[in-house]
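**Student:** Below, each chain spelled out in residue letters.
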Amino acid sequence: QSVLTQPPSVSGAPGQRVTISCTGSSSNIGTGYGVQWYQQLPGTAPKVLIYDNTNRPSGVPDRFSGSASGTSASLAITGLQAEDEAVYYCQSYESILSGPSQAVFGGGTQLTVL
Amino acid sequence: QVQLQQSGPGLVKPSQTLSITCAISGDRVSSNSATWNWIRQSPSRGLEWLGRTYYRSEWFFDYAVSVKSRITITPDTSKNHFSLQLSSLTPEDTAIYYCARVRAHENWFDPWGQGTLVTVSS
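Top to bottom, those sequences are chains A and B.
To convert, count from 1 in the first sequence and add 96; that's my numbering.
To convert, count from 1 in the second sequence and add 225; that's my numbering.
So here's chain B without its partners, still in its complex pose (with noise of 0.2 Å):
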């Protein structure tokens, strides 16, 4: 069974980064048959989809046109995790965050993570 662990800051200040880990257990993040996602949640914006990364060979990154010049994902291999950091942060950015995995070939979003509540203020 595939299982998604979060850890990262509860608060961030404006203009500073958001750094989240998404630990992975049942899968490997280099796998050729998944791709590694983060979603955030806002009462103001909804569900959005941020980004993801996948092996095929090479790692490939498509981000959302929304965040694709504040957002950086990166895998590491060795310890089985992704990471996701989003730079220059307003209050606006304050949700939940949450990682995910999508299988090749299929289309939904499972499992989750637990998600991360990130707060951006001074």
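Isolated chain A (complex conformation) (with noise of 0.2 Å):
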């Protein structure tokens, strides 16, 4: 049972515009720590997409784009390509009692291109 709650899967075809979404609460999202979104591949590491909510590391596309607002954020595809086809993760941090607040992560979404 993941922390922050993702659709399982989306799918679009090629061009089209995906938006997949990440619903945590008070202690996560809602505090304002931002939103990481990563892309995972078969059989490979995760690889950040979008950092701080907003923003793309140096060679990702900008055909991603992330947002974020109150508890939820999304993460946009235009220009859909087959090459997108892998999991998305969302992640974030959650303060707790008993220490330095933690990173938590969404149970992943699958997109499909058909």
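Because the hints were derived from the structure by calculation, they are not lab data.
Nothing here was measured: the structure is a model prediction, and the numbers come from that model.
Among the hints, a few may not be true.
Examples of chain A residues toward chain B, derived with CB under 7 Å [what the hints assert, rightly or not]: (1) S98; (2) G126; (3) G130; (4) Q132; (5) A141; (6) V144; (7) Y147; (8) Q198; (9) F201; (10) G203.
Far from chain B, some chain A residues (derived; all Cβ distances over 10 Å) [as the list claims (entries may be wrong)]: (11) S107; (12) S122; (13) D180.
Each residue gets a CB set at the ideal place from its N, CA and C atoms; glycine is no exception.
Once you've looked at the hints, go ahead and assemble the two chains, each given alone in its own frame, into the complex.
**Tutor:** Set out below in structure tokens:
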């Protein structure tokens, strides 16, 4: 049971736009901790696509964009390409009473390019 | 370019201790501007952060509540690596284990190690 909630799957045809939601709570996304998005291709480690809600590392195409509001965040992918087929994860931090904030993840969303 | 290279056994018996090492190139485990993390991934638990170590004039260790009684992360400055030990293993600990860096004042994990599939089975 992941702390952040994502839809298990989304799909779209090449060229289309898809969005993936990430829902948290007042103890994680809602506290103002930034949200990161990762792409995981089969057999590889996750790779960061978006950091601090909206920022793209160098080398990530501008087809990928992020947004956040309140206790939720979203990843949008425009101009869908076959190579975008992967699992996408959101990540943030959660405040805990017993110590420093801890990283938390969503359960992942499988993107299928039809 | 920072790279993380993991090594460790893939099969461990129940009740035993898992031990994986993450060798760092392009950065220092004793850097004042990074934290060094362990994360695991399994079908049942998804991605789960396990803990981290970092150096800020002294060594600090933070562990996830879920594994706090069983986990130890150890930095080794002479070999520039850090290790994960997880004791009292059960089949529920079967997962891919990753090491990853977070730079100071940043919130994302990058880079990641290649992952080590650990199966807990007799």
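**Student:** Tell me, in ascending order, the numbers of any earlier hints that this structure violates.
**Tutor:** 2
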